[in-house]
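Here's the letter readout for the chains.
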Amino acid sequence: MPLITFTTDFGTRDWFVAAMKGVIAGIAPDARVVDVTHEVAGQDILAGAFVLAQCFQNFPRGTIHVAIVDPGVGSPRRAIAVKTADYIFLSPDNGVLTLAVAAVSDRRPLEIRAIENERLFNRPVSRTVHGRDIFAPVAAHLAAGVEFEEVGPVIKSIAKLETAEPKVTKMGIEGRVMFVDRFGNLITNIEARHLEQLPAGEPKSFRIGRHVIRKFGRFYAEVPLGKAIALIGSSNRVELCVYLGSAQEKYGTRVGDKVLVT
Amino acid sequence: MPLITFTTDFGTRDWFVAAMKGVIAGIAPDARVVDVTHEVAGQDILAGAFVLAQCFQNFPRGTIHVAIVDPGVGSPRRAIAVKTADYIFLSPDNGVLTLAVAAVSDRRPLEIRAIENERLFNRPVSRTVHGRDIFAPVAAHLAAGVEFEEVGPVIKSIAKLETAEPKVTKMGIEGRVMFVDRFGNLITNIEARHLEQLPAGEPKSFRIGRHVIRKFGRFYAEVPLGKAIALIGSSNRVELCVYLGSAQEKYGTRVGDKVLVT
Amino acid sequence: MPLITFTTDFGTRDWFVAAMKGVIAGIAPDARVVDVTHEVAGQDILAGAFVLAQCFQNFPRGTIHVAIVDPGVGSPRRAIAVKTADYIFLSPDNGVLTLAVAAVSDRRPLEIRAIENERLFNRPVSRTVHGRDIFAPVAAHLAAGVEFEEVGPVIKSIAKLETAEPKVTKMGIEGRVMFVDRFGNLITNIEARHLEQLPAGEPKSFRIGRHVIRKFGRFYAEVPLGKAIALIGSSNRVELCVYLGSAQEKYGTRVGDKVLVT
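Residue numbers (the working numbering), protein chains in the order written: chain A, 0 to 261; chain B, 0 to 261; chain C, 0 to 261.
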């Protein structure tokens with residue numbers, strides 16, 4: 000019986016997540032649910048895409064990943080199901096799968112379907128709660144053995160977020176802050192492989208706004224309390240951090256801000 | 000092995016929830032626990048009652064629902080167990096079951112018992128942590144097969160919250176805000192069936208404080224970003240919402256505030 | 000299949016906890032994970048130690064408790080495994096086990112090992128995410144039946160936090176605030192047994208900063224709304240509370256502040 004994971008912006012204060020778990024327990028009593036997070040901030044599709052992409056590959060083969068960050072719920076956009084070599088993903092067709100799919104799509108063609116088979120839904124389907132009425136029951140039916148083909152017809156493509164690649168020039172690398180974690184660490188779109196293209200080998204400085212970080216290290220505790228350090232984090236990307244403090248607060252950074260590596 | 004759900008105001012920062020889960024694992028190793036929420040705000044019994052009522056029917060038959068929002072813990076009020084056709088509820092006798100019981104009580108008489116059988120408790124029973132010492136072990140014993148009759152003697156009635164019904168007049172419907180969800184949507188006590196009693200058929204306007212919402216639609220995204228809309232939400236009640244914003248912040252609303260539909 | 004519990008400061012907003020659960024599901028599919036908390040405040044090792052100590056004994060024998068509050072992650076400190084009569088604990092060697100180990104160490108000698116067996120790790124091991132790459136997979140392997148001896152070599156001692164005992168004098172008892180729970184209750188290091196040493200028998204007053212609480216009772220609801228009371232809480236320690244309010248806010252208290260009982 001496969002795992003089902005949830006990545007949503009539903010929060011844990013209200014009843015939305017519990018309703019999904021109740022529906023799943025009724026359809027697939029042995030299925031196990033793991034909450035990736037329900038705290039994707041402010042209906043931010045990119046943040047949801049990022050969080051999912053950071054951990055989906057830690058789950059065993061066959062896991063069904065459900066990602067619902069959906070400012071447009073109820074409006075006419077599709078619900079989609081994507082099958083990769085190892086996983087099934089369910090989500091609204093709004094780009095929230097962009098980063099996860101990019102991480103696996105070099106392996107083999109994806110099988111993409113629109114979720115349209117109403118026999119798999121929780122009836123009647125509400126206009127605002129597709130998590131409970133569409134995504135949860137479809138995930139549960141798949142976990143219980145329903146064939147992937149039954150969710151609906153094949154479609155050709157899915158919505159994608161524009162996610163800028165960093166620019167690598169003679170001057171250095173110009174990237175952006177992609178995500179701010181709860182410790183206030185600034186996670187960029189600059190990956191370890193980009194740093195290898197720097198002419199000098201090791202990076203010398205990291206500019207964020209008017210500030211420059213000159214320490215490139217391996218772990219937070221290499222600098223004194225409150226001091227900044229750049230490092231390759233668990234996401235395999237450049238992260239700008241303040242030891243026992245918040246780089247976000249120190250620099251007043253927002254997602255999308257430029258980071259210049261020289 | 001049935002499910003056990005928890006609806007509490009214990010939060011997830013401290014150890015109270017873990018202690019309950021540890022106790023359950025010791026008594027009923029195969030029982031599965033689903034957190035409805037531990038974030039009921041500020042020991043607000045009505046909010047707990049509302050959250051539970053919104054989702055308990057999504058769980059399969061046999062589920063044991065534990066609801067603990069208990070400002071009076073340790074004072075002399077009973078712990079109760081209520082058996083309905085499909086579920087068992089455990090809670091302090093303070094009205095937190097009011098809305099859930101109202102949703103099922105038309106079907107058949109409830110069986111209500113005081114939880115008094117100390118052989119089912121975690122001993123010694125502390126004076127402040129009845130979740131760990133009474134509700135969790137009793138839920139676990141019931142999940143493990145103890146008969147409902149064993150929890151304690153039959154009692155005749157349970158405490159109920161006063162929950163005002165909306166007033167339907169020639170002028171329109173006067174209701175109240177019952178719950179504010181984490182997106183700041185204002186959920187009222189006006190149900191879809193009340194709107195059908197409006198002379199004009201469709202509602203024309205929704206007054207909240209000094210503000211009037213004239214859009215009655217089907218989903219958030221029907222209005223531009225930051226604009227207000229009234230709709231029938233997943234709770235089957237009128238909700239006042241701001242698309243990608245917070246109606247609570249926009250209108251400065253509190254639970255109990257009047258909503259006038261004309 | 001034993002339970003695995005987590006006590007961390009990782010939060011539930013990002014992907015760190017999900018990554019650990021994914022790794023565990025891959026190694027020990029039947030293992031069950033219980034979150035004690037992921038909200039240990041601000042990388043506060045003492046707070047993590049306190050939360051774990053309050054609930055670990057509620058779990059059944061054989062449970063594997065993982066505690067990760069680790070401001071020094073990546074720096075050269077060991078990861079340790081401690082086996083007691085009933086449990087296994089995994090943590091960085093920074094004192095986070097101090098209070099739990101103190102609660103069981105009178106029973107029999109502990110078996111302490113350094114976690115060094117890289118065959119049990121998630122490879123490659125990142126420099127910043129030992130939860131995912133070391134603690135989670137080692138816990139899962141132990142849950143799946145790997146012998147405790149295989150985690151690494153025996154070591155003689157573990158790091159301990161200094162946790163001041165209260166001073167009992169003729170004047171009374173001088174203790175400190177150890178933990179503030181989410182309701183703002185102030186939990187002290189003064190245990191029920193310390194109060195028995197007071198010459199007068201029952202305590203007369205509790206001084207915190209410039210304030211004095213004269214009510215010593217059994218449960219919150221003994222005092223009017225907003226009034227303060229001292230009681231022996233579920234932790235078996237003196238707690239200073241405000242009924243339906245926050246003692247922390249009322250008194251402006253911080254962890255470490257003195258409490259004088261006379």
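Everything labelled a hint here was simulated from the structure, so no lab data went into it.
Each hint should be verified, as a subset may be incorrect.
Copies of the same chain look alike in the list, so a pair counts if it fits in one copy or across any two.
Simulated pairs of lysine to any residue, SDA-like, Cα-Cα distance not exceeding 20 Å [what the hints assert, rightly or not]:
| hint | residue 1 | residue 2 |
| --- | --- | --- |
| 1 | LYS166 | LEU194 |
| 2 | LYS226 | VAL124 |
| 3 | LYS203 | PHE147 |
| 4 | LYS214 | GLU115 |
| 5 | LYS155 | VAL100 |
| 6 | LYS166 | ARG12 |
| 7 | LYS82 | ARG122 |
| 8 | LYS249 | SER156 |
| 9 | LYS214 | GLU248 |
| 10 | LYS226 | ALA191 |
| 11 | LYS169 | ASN116 |
| 12 | LYS226 | ASP43 |
| 13 | LYS203 | ASP92 |
| 14 | LYS214 | TYR250 |
| 15 | LYS249 | MET170 |
| 16 | LYS155 | LEU243 |
| 17 | LYS249 | ARG126 |
| 18 | LYS155 | PRO28 |
Okay, the hints, checked on the actual structure:
no.: 1; hint: LYS166 x LEU194; verdict: within (11 Å within a copy, 57 Å between copies)
no.: 2; hint: LYS226 x VAL124; verdict: neither (52 Å within a copy, 25 Å between copies)
no.: 3; hint: LYS203 x PHE147; verdict: neither (50 Å within a copy, 44 Å between copies)
no.: 4; hint: LYS214 x GLU115; verdict: neither (52 Å within a copy, 29 Å between copies)
no.: 5; hint: LYS155 x VAL100; verdict: within (14 Å within a copy, 48 Å between copies)
no.: 6; hint: LYS166 x ARG12; verdict: neither (41 Å within a copy, 29 Å between copies)
no.: 7; hint: LYS82 x ARG122; verdict: neither (25 Å within a copy, 26 Å between copies)
no.: 8; hint: LYS249 x SER156; verdict: neither (41 Å within a copy, 38 Å between copies)
no.: 9; hint: LYS214 x GLU248; verdict: within (19 Å within a copy, 39 Å between copies)
no.: 10; hint: LYS226 x ALA191; verdict: neither (22 Å within a copy, 43 Å between copies)
no.: 11; hint: LYS169 x ASN116; verdict: neither (53 Å within a copy, 44 Å between copies)
no.: 12; hint: LYS226 x ASP43; verdict: between (29 Å within a copy, 18 Å between copies)
no.: 13; hint: LYS203 x ASP92; verdict: neither (41 Å within a copy, 33 Å between copies)
no.: 14; hint: LYS214 x TYR250; verdict: within (16 Å within a copy, 41 Å between copies)
no.: 15; hint: LYS249 x MET170; verdict: neither (26 Å within a copy, 47 Å between copies)
no.: 16; hint: LYS155 x LEU243; verdict: neither (47 Å within a copy, 30 Å between copies)
no.: 17; hint: LYS249 x ARG126; verdict: neither (42 Å within a copy, 24 Å between copies)
no.: 18; hint: LYS155 x PRO28; verdict: neither (33 Å within a copy, 35 Å between copies)
Consistency with the previously given hints fails for numbers 2, 3, 4, 6, 7, 8, 10, 11, 13, 15, 16, 17, 18, ordered from lowest to highest.
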